[in-house]
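Trainee: Sequence:
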Amino acid sequence: MGNLKLKEDSMGTQDIFSYDNQNRQTQHTRQRNDGTDRITTLVRYDVNGNIRFETDGNNVTTEKTYDTMNRLKMVTLTVSGIVQTTTYRYDKNGNLTHETDWRSNTWLNVYDPLNRLIEKRDPYNNCIQKLEYNNNHVQVKSYDALNNLTQYEYDRNNRLIKTIDPELDETAQSYDAIGNIEIQKDSKNNTTIFEYDELNRLVKVINANNEETTYTYDLNGNMLMQTDGKGNKITYEYNCMNLVTRRIDHGGRTGSSGEYVYDPAKTESYTYYPDGSLRTKIDRNGEITTYTYDCHGRVKEETTGGSIISYTYDSNGNLLVITDDMGVTIRTYDELNRVTAKTVPNIGTVEYWYDIITGTETGETGERIIDPKGNITTRIYDRIGRLRVVIEGDITSEDRTTYEYYPNGSRKSVTYPNGITEEYTYYPDNTLWTLTNKYPDGTVMDVYTYTYDGTNNQTSKHEIINGVEKGTTRYEYDALDRLKKVTEPGGKDDQLYI
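My numbering numbers the first residue of the sequence shown as 359 and each following residue consecutively.
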């Protein structure tokens with residue numbers, strides 16, 4: 359039927375394919391041509407052609423079921439003996455309305471009569487986003503969980519031309535006739551201009567300081583040279599496969615084409631295998647690094663000078679063993695490819711346990727880490743996956759650090775085992791406004807207050823430490839948002855940058 363059964367390349371790699379009677383691929387094996395390094399993945403289908411079972415390289419199978427409309431209804435995977443099922447529900451128009459994980463946490467989507475997403479709700483039933491659209495069905499407003507509004511404006515071609523954040527700071531952009539971004543303006547009216555060639559390749563950028571960066575290309579579209587505003591040039595050379603063979607800093611190449619002379623201290627060189635994998639790299643110090651690979655394209659050995667680092671992997675590409683001058687580092691993984699143990703030379707083994715539900719609240723999960731000395735750290739995550747508690751010890755220990763969040767996910771407070779609390783407040787655009795440290799009885803210890811400019815650079819930090827006023831540190835920036843000046847409280851100890 360014309361289905362590809364065998365593919366072999368010049369690197370000695372074979373890809374072997376099998377199909378069912380409907381010409382659907384059911385098995386893929388990649389191996390060396392002597393049969394070693396074999397990894398096989400399997401797929402099975404239902405009568406409607408939907409993928410029913412997928413088996414990865416480690417022989418872990420994921421089961422999928424579908425509704426009568428062939429929409430994904432359920433995904434099931436067994437992890438460390440626990441059956442984990444995610445379910446999906448749809449409205450009559452086929453829009454995904456509910457997604458429920460194995461801990462019965464449900465994410466909800468709401469749509470308007472035109473099937474446009476207008477609301478998202480988290481497992482706590484908090485509305486975390488509301489969306490509004492214009493008559494062209496383009497999103498024009500977005501409200502977060504705290505009702506902070508971000509607005510969007512578009513041109514007649516539905517291209518974004520302005521974004522207004524919850525602090526009413528505006529960023530704008532315009533386009534050329536082809537649709538390339540031509541001008542960008544930040545909220546401080548700093549302008550960046552972009553120019554393109556007839557093939558729509560970027561050839562010039564003029565920044566807010568009126569500094570020009572230019573780019574040139576070869577006939578294949580590879581960048582040949584980048585020149586910054588000070589005239590410094592970075593030059594690239596390529597092979598017939600359009601892979602970079604040299605990266606040359608300013609002044610690192612002299613002479614003419616075919617007779618170039620290179621300064622090794624300003625040149626990086628690269629060679630490749632026939633499949634395009636990096637073979638060698640020579641850095642500016644003349645140090646040569648050589649790479650070898652397995653048939654799956656994974657680095658097998660890395661040699662620099664007299665130092666050799668070797669790697670082995672499992673059949674999902676997870677790194678199992680690293681052997682270097684320090685010794686052998688070993689990792690193991692679970693069915694979700696999460697590290698379950700890591701053994702480091704001269705240190706020992708760290709164990710990781712996931713999906714703990716005993717002792718947690720409804721919908722929550724926990725993790726446990728046991729270090730080489732036997733110390734236990736337990737982490738509990740809330741129904742949205744945010745870190746809620748860190749416990750020094752097992753889940754019954756009272757040595758706890760507790761985290762609270764605002765409905766939009768920003769951290770609200772941290773309470774330490776000694777009762778000291780950190781409390782956070784934010785501006786509408788979610789930049790940090792205040793950080794307050796409190797004693798266990800609720801009295802204030804320290805207060806830090808922050809301000810920002812329209813591009814979210816921090817412009818000041820006011821400090822009250824142990825109840826004592828320490829004053830305000832101020833920060834200034836140039837048009838490229840680079841720190842230009844720091845003024846300490848009282849105007850002393852000015853520090854100039856750039």
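The reader is advised that the hints may include incorrect statements.
[What the hints assert, rightly or not] Straight-line distance between alpha carbons at most 16 Å, and here's what the computed EDC-like set of lysine to aspartate or glutamate pairs gives:
#  : residue 1 : residue 2
1  : Lys700    : Asp729
2  : Lys546    : Glu570
3  : Lys431    : Asp395
4  : Lys450    : Asp480
5  : Lys624    : Asp652
6  : Lys543    : Asp527
7  : Lys546    : Glu834
8  : Lys591    : Asp621
9  : Lys591    : Glu570
10 : Lys543    : Asp836
11 : Lys624    : Asp641
Treat the hints as calculated values from the structure; they're not laboratory data.
Trainee: Against each hint, give a clear statement of whether it holds in the structure.
Mentor: A quick look at each hint next to the structure:
Taking the CA atoms of Lys700 and Asp729, the gap is about 10 Å. The hint holds against a cut of 16 Å. Proximity of Lys546 to Glu570 is assessed by CA-CA distance (about 20 Å); at most 16 Å being required, the pair is judged violated. Of the pairs offered as hints, the one joining Lys431 and Asp395 is violated, with about 36 Å between alpha carbons and a cut-off of 16 Å exceeded. Straight-line distance between C-alpha atoms of Lys450 and Asp480 comes to about 22 Å, which puts the hinted pair past the 16 Å bound.
Between the alpha carbons of Lys624 and Asp652 the distance comes to roughly 32 Å, so the proposed pair goes past 16 Å and is violated. Using a Cα cut-off of 16 Å, the hinted pair Lys543 and Asp527 holds, with the two alpha carbons roughly 11 Å apart. For the hint linking Lys546 to Glu834, the alpha-carbon distance of about 13 Å falls within 16 Å, and the restraint holds. Between the alpha carbons of Lys591 and Asp621 the distance comes to roughly 14 Å, so the proposed pair stays at or under 16 Å and holds.
Only pairs whose Cα atoms come within 16 Å are accepted, and Lys591 paired with Glu570 is accepted, the gap being roughly 12 Å. A threshold of 16 Å between alpha carbons decides the hint, and for Lys543 with Asp836 the separation of about 15 Å falls inside it, so the pair holds. Proximity of Lys624 to Asp641 is assessed by CA-CA distance (about 9 Å); at most 16 Å being required, the pair is judged to hold.
Hint compliance for this structure: hints 2, 3, 4 and 5 are not met, and every other hint is.
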